[in-house]
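Protein chains in written order, with our numbering: chain S, 1 to 249; chain E, 250 to 498.
Hints are supplied without guarantee of correctness; some may be wrong.
Stated by the list, open to error - Short derived list, chain E residues pointing at chain S, Cβ under 10 Å:
hint, residue
1, 268
2, 276
3, 282
4, 284
5, 288
6, 290
7, 291
8, 338
9, 348
10, 360
11, 371
12, 483
13, 498
Derived from the structure by calculation, the hints contain no laboratory data. A virtual CB, placed ideally from N, CA and C, is assigned to each residue, including glycine.
There are 2 protein chains.
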Amino acid sequence: MNEVINTLLAHRSIRKFEDKQLTKEQIETIVKSAQAASTSSFIQAYSIIGVSNKEKKQELAELAGNQSYVENSGHFFVFCADLHRHDVIAEMEGVDLSESLESTEKYMVSLIDASLAAQNAAIAAESMGLGICYIGGLRNNLEKVCEVLQTPNRVIPLFGLTVGYPAQDPGVKPRLPVSNVYHEETYEPNNEQFKEQLEAYNKEISQYYYERTNGMRNDKWTAQMASMLESPKRMYMKEFVEKKGFNKK
Amino acid sequence: MNEVINTLLAHRSIRKFEDKQLTKEQIETIVKSAQAASTSSFIQAYSIIGVSNKEKKQELAELAGNQSYVENSGHFFVFCADLHRHDVIAEMEGVDLSESLESTEKYMVSLIDASLAAQNAAIAAESMGLGICYIGGLRNNLEKVCEVLQTPNRVIPLFGLTVGYPAQDPGVKPRLPVSNVYHEETYEPNNEQFKEQLEAYNKEISQYYYERTNGMRNDKWTAQMASMLESPKRMYMKEFVEKKGFNKK
Numbered sequence: 001m002n003e004v005i006n007t008l009l010a011h012r013s014i015r016k017f018e019d020k021q022l023t024k025e026q027i028e029t030i031v032k033s034a035q036a037a038s039t040s041s042f043i044q045a046y047s048i049i050g051v052s053n054k055e056k057k058q059e060l061a062e063l064a065g066n067q068s069y070v071e072n073s074g075h076f077f078v079f080c081a082d083l084h085r086h087d088v089i090a091e092m093e094g095v096d097l098s099e100s101l102e103s104t105e106k107y108m109v110s111l112i113d114a115s116l117a118a119q120n121a122a123i124a125a126e127s128m129g130l131g132i133c134y135i136g137g138l139r140n141n142l143e144k145v146c147e148v149l150q151t152p153n154r155v156i157p158l159f160g161l162t163v164g165y166p167a168q169d170p171g172v173k174p175r176l177p178v179s180n181v182y183h184e185e186t187y188e189p190n191n192e193q194f195k196e197q198l199e200a201y202n203k204e205i206s207q208y209y210y211e212r213t214n215g216m217r218n219d220k221w222t223a224q225m226a227s228m229l230e231s232p233k234r235m236y237m238k239e240f241v242e243k244k245g246f247n248k249k
Numbered sequence: 250m251n252e253v254i255n256t257l258l259a260h261r262s263i264r265k266f267e268d269k270q271l272t273k274e275q276i277e278t279i280v281k282s283a284q285a286a287s288t289s290s291f292i293q294a295y296s297i298i299g300v301s302n303k304e305k306k307q308e309l310a311e312l313a314g315n316q317s318y319v320e321n322s323g324h325f326f327v328f329c330a331d332l333h334r335h336d337v338i339a340e341m342e343g344v345d346l347s348e349s350l351e352s353t354e355k356y357m358v359s360l361i362d363a364s365l366a367a368q369n370a371a372i373a374a375e376s377m378g379l380g381i382c383y384i385g386g387l388r389n390n391l392e393k394v395c396e397v398l399q400t401p402n403r404v405i406p407l408f409g410l411t412v413g414y415p416a417q418d419p420g421v422k423p424r425l426p427v428s429n430v431y432h433e434e435t436y437e438p439n440n441e442q443f444k445e446q447l448e449a450y451n452k453e454i455s456q457y458y459y460e461r462t463n464g465m466r467n468d469k470w471t472a473q474m475a476s477m478l479e480s481p482k483r484m485y486m487k488e489f490v491e492k493k494g495f496n497k498k
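With the rest of the complex left out, here is chain S (with noise of 0.2 Å):
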């Protein structure tokens, strides 16, 4: 184990924030280790938009579902998946990129590089004693997230990234056994084997959240996924992620 290991098992996400704003070679740091990381064939395929006005972020936490650590956080990071700057990249060199911007394989590629991007961020903040938390809720409304942060064409906001100095001390939250997410050579599991690690890991979370509300809450996770699954969230996507100029062929 070294430090940096150490950063990333201690990895709990953070929902109440002192009152503190990040500096802006805080933001520097933390925006140059996104910048860092990986990028398929160095297309560097996203973009991050960076909130402090308040106003702004009250917004925004609102349109993610009333979440209040995004209004309250030191900072709020939005990523994009872009290629609208390969649109100007078509222009300067006067060629026709389109086939290739609108394919799904472009879009899959946007995804993972704006993905690896903010995973950087997250642990250079942590790395700072920073907290953070992923507000996947920015995709409820995303037409007007798109308003709110003036994006063009081929630009899609993903999730934010609210980071702040934390106000609060959670656990670590246990993840799935590690074989039932890491496999040897082929896909092992059959769904014989699959049931029972997941029955085990139901055990080991429903004892999870009890401990952690003195017995006030006692779910498994498969029956949490069932629950959230069952009704389909955000069916708009599809069509909204065409329309902004991705996924279409």
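Chain S is fixed; fit chain E onto it per the hints.
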């Protein structure tokens, strides 16, 4: 600056490795670090297949476009978008989750989840003195990759991560100017500013290639991108992804 940020900023892809395999402990630390990353609503929608078998690595290296540094690395991790686990959950809990699992929204979630985990794995490996390279080339022929790795429905191998002891010491590749990637409050630059930033970056990148190749290579970034994107690649992807049960509605 701290040790974590130094590790992040020192990243460069390694494409030549010593002939030395990773230990079980190293692999486990890397996988546990991957799992510690944030996951959307705790869904954990990914899995990792580790390949150490020499013939299998060779087969995957060929499928990825003869990338010998896959075959000769210390371990090869394949990161997969995985909602198969949630099909098993549907069975366990006696509910129908297909509408949700087939949505573009959940496709995005599984790509983002897998990528956050992968970047943690990459950072963990680098912190141990190992080198890494992402292998997007796996997407050249996913049908075959799925066969080799025996993945079930609703699992898509997204990319590989080849990890090992570096046998080269390349320089850090300069990223886009911060002002082109990071925007304050709104997505700022107009296209003219954008072009100026990209012209400046072209000069920096030309210089980088020039120095690195003793004057043999003199690429501009925008030209490199235009030439890469002019011939669309992997256009089978949309259909393939839907066939695997993702991104359908």
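Structure-based check of all given hints:
no.	hint	result
1	268	violated, 20 Å
2	276	holds, 8 Å
3	282	holds, 4 Å
4	284	holds, 4 Å
5	288	holds, 8 Å
6	290	holds, 6 Å
7	291	holds, 7 Å
8	338	holds, 5 Å
9	348	holds, 5 Å
10	360	holds, 5 Å
11	371	holds, 7 Å
12	483	holds, 4 Å
13	498	holds, 6 Å
Violation of the numbered hints given earlier is confined to hint 1; every other hint is satisfied by the structure.
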